[in-house]
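Protein chains in written order, with our numbering: chain L, 1 to 308; chain B, 1 to 308.
Just so you know, these hints were derived from the structure itself, not from any lab. Hints are not guaranteed to be accurate.
No distinction is drawn between identical chains; accordingly, a pair holds when it is met within one copy or between any pair of copies.
[Unchecked claim] Quick list of in silico lysine to aspartate or glutamate cross-link-like pairs, EDC-like style, CA-CA up to 20 angstroms:
1) 296 with 102
2) 47 with 112
3) 162 with 127
In this text, all values refer to a predicted model and were calculated from it rather than measured experimentally.
There are 2 protein chains.
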Amino acid sequence: MTTLIFGHQNPDTDAVTSAMSWAEFQRQSGNTDVEAVALGSLNDETKFALDFFKQAAPRVIDAANGADVMLVDHNEAQQSVADRADSTILTVVDHHRFANFETAAPLFIRAEPVGSTNSIIYEMFQEKGFTISAQLAGLMLSGIVSDTLLLKSPTTTDLERKILPELAKIAGIDLEDYGLKMLKAGTNLAAKSDLDITQGDAKSFDMGGKTVRIGQVNVVDLEEIYARQADIEANLKAEAEKNGYDLFLLVATDILNSNSTGLAFGEGKDKLEAAFNAKFDANGRLALPGVVSRKKQVVPPLQAAFEA
Amino acid sequence: MTTLIFGHQNPDTDAVTSAMSWAEFQRQSGNTDVEAVALGSLNDETKFALDFFKQAAPRVIDAANGADVMLVDHNEAQQSVADRADSTILTVVDHHRFANFETAAPLFIRAEPVGSTNSIIYEMFQEKGFTISAQLAGLMLSGIVSDTLLLKSPTTTDLERKILPELAKIAGIDLEDYGLKMLKAGTNLAAKSDLDITQGDAKSFDMGGKTVRIGQVNVVDLEEIYARQADIEANLKAEAEKNGYDLFLLVATDILNSNSTGLAFGEGKDKLEAAFNAKFDANGRLALPGVVSRKKQVVPPLQAAFEA
Chain L
1 MTTLIFGHQN PDTDAVTSAM SWAEFQRQSG NTDVEAVALG SLNDETKFAL DFFKQAAPRV
61 IDAANGADVM LVDHNEAQQS VADRADSTIL TVVDHHRFAN FETAAPLFIR AEPVGSTNSI
121 IYEMFQEKGF TISAQLAGLM LSGIVSDTLL LKSPTTTDLE RKILPELAKI AGIDLEDYGL
181 KMLKAGTNLA AKSDLDITQG DAKSFDMGGK TVRIGQVNVV DLEEIYARQA DIEANLKAEA
241 EKNGYDLFLL VATDILNSNS TGLAFGEGKD KLEAAFNAKF DANGRLALPG VVSRKKQVVP
301 PLQAAFEA
Chain B
1 MTTLIFGHQN PDTDAVTSAM SWAEFQRQSG NTDVEAVALG SLNDETKFAL DFFKQAAPRV
61 IDAANGADVM LVDHNEAQQS VADRADSTIL TVVDHHRFAN FETAAPLFIR AEPVGSTNSI
121 IYEMFQEKGF TISAQLAGLM LSGIVSDTLL LKSPTTTDLE RKILPELAKI AGIDLEDYGL
181 KMLKAGTNLA AKSDLDITQG DAKSFDMGGK TVRIGQVNVV DLEEIYARQA DIEANLKAEA
241 EKNGYDLFLL VATDILNSNS TGLAFGEGKD KLEAAFNAKF DANGRLALPG VVSRKKQVVP
301 PLQAAFEA
C-alpha cells in the first residue's frame, strides 16, 4: 500500500508543500511508492503558490485506512489524520513542540526549532546532495515565506535567512515581490466565509485540562475583520459549543504592520488577559501589538496562564 | 547553569558513551558549557571500555535540579531523570520508540531506527565534518558493539555494518578481538549480586495498563544463571512486590550462541507464553531461541500479547 505523507489538519502552505518536498526526498532516496496528500482543502495562499509554480494540488484525504504514514509539520495526534492509531508512523519531520505522540516501534524523526518544516527538509536535500527543481524550490520557498511571514515573524531563524535567498535563486523568482503577492493572496477576506476565517487555520491545544482552539487569519487591514466582527464572534460561539472548545481564540494578524488583534469566545478570557497583560476593549478586541506567531507568541504565554 | 547530557537509567554502554560523544559534538558546535553524566552506576562492560580507552567515568546524578538537559538513547519519562519535568529538554538523539515524551516548546530531535545511538551521532559528526579522536572513536564503537552484540543482534542495520569498521580504524583496534573482550567483561556473573543481575539493565514499560519490568543480563554460559536460579527468582519476586511491577521478566542472553532464557515473576506469565508461543518448562525457564534483543524481539510481542 502506498505510503501517505501529510501535514496537519487545516493545512497551511508549509504543511502542504513540505509533504510534497518530503515525498520528493523519499523518491530520491529510493522510496518511490509515496504520495503527498492533504488533511483538508487548501487555502487561497497555498492555491496561489501551487498555481504560480504550475503544480497540481495534492489529493485531500480524511483517513489513512491503515496505510503507513509519514508526518510533516506536526506530530500531535489531535492535529493529525483521525485514524492515525491504525497506521505505522515511519517518519516525522517537524518544527513544533512534541506532545500526544507515541509509537510502538523506533522510527525516523528529524525535528529542529526553526522557522518552517521546509527549512529542515532543504537541509536534508543538501546533506544528501539531492537535486531540487525550480518548481520544488518555489514550493519550499512558499512554505518558508508563509511560516515566517517573509522573515518578519519571530519564529524566523538564521537558517531561513540563509536558505530563502538560495531557494529564490533556484526557483528563479524575486523573493520580496513573489513573497508579498503570495501572502496577500491568502488575505482575501471577501472570498472567505465566517467559518473559513475562524476555523481555516485553527488548531486545538490541551491547556491545563481545557480544550483551547486557536485560529489565525492574515489580513492586510484589520478593519476588514472589524467590519465583520459580530458575525465572526457568533461563529466562534457556535463552533465552540458544537465542538466542545472551552475557549476559541481568533488571532487576526496584520501582515504588513506585524500586529494582531484577538477575538474570543468561552471561559478563560481572563487567562487571555493575564497571558498578554492586556484587557479586551469595549469592542471585545484584545490588542496584541507585535504578535504574529501563534506558536511562539500566543501558545506559550496562554499555556502558562492556564497552567498557573 | 551547565547543560546536562545523559542516557537512560541503569545505563548501558551505549547510554554512557553516547552522552560523551554528544557532549563532544556540542563542544565542536560551539556549546562548551555541557557535561555528560550518567543516571546510575556503570556496569562492568562500560567500565572495561572506559578503562581500555583511558577515559574518566561520567559523574552519576539522580536529579537535574532544573538544568537544561539533552537526552541520548532514551526519550520516555520513566526511563529518564526523576525531576525531568523541571528541566527544558533541548535535544534528543535516540533509536527507540517514542512514548511518554512531551515538551512545551520546539526542540531538536534526531531519531533513527538503527542499532545504536552512537551510530546516529557518528553520522552527524560526518555531516558536520567534525573530528573524532581515537579515544572517542573507541567509546562510540563500544556503544555500538554493546547494543548490536558485535553486529549479531537483529537490531543491527547496514549503518552499523558500515561504520563499525571505520570507527575501529580511527580507534586503532582490532574490532573482533576488542569487541568480544568487552562483551565478556560484562558477563562476569560472579561479580554481580542477584540485584545486579535482575535490575542492572532493567527498564519499565506500560503494557495494556500493566507495569512490565524487563531486565536483561548477558552471559557466556546460561548454566551460570541456572546455578543461581532460586536466588534470582526470589529477587524478582521481592523487587516486583517492592516496586509494584505487575510482571518482572529477566532475559538471560547467551552472547556466544545468540539464545536467551526467560525467568519471570508476577501476573501475565500466560502473556509471555502467548507472546513467544512457548511454555515455561518444569524448571520455570522459558526458552527463547534466537532472541538477543529486548527492543526488537521481546518488547513488541509482549506488548501485543498484553494489548490483545
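Point to revise | Within, between, both or neither, where residue 296 and residue 102 count as close if Cα-Cα is 20 angstroms or less | key: between (24 angstroms within a copy, 17 angstroms between copies)
Exercise for review: Measure nothing new, just compare the shortest in-copy and cross-copy C-alpha distances for residue 162 and residue 127 to 20 angstroms and report within, between, both or neither.
Suggested key: both (15 angstroms within a copy, 18 angstroms between copies)
**Study point:** Intra- versus inter-copy proximity for residue 112 and residue 47 (alpha-carbon distance at most 20 angstroms)
**Key:** Answer is neither; intra-copy 27 angstroms and inter-copy 34 angstroms both fail.
The structure is inconsistent with hint 2 alone, although it conforms to all the rest.
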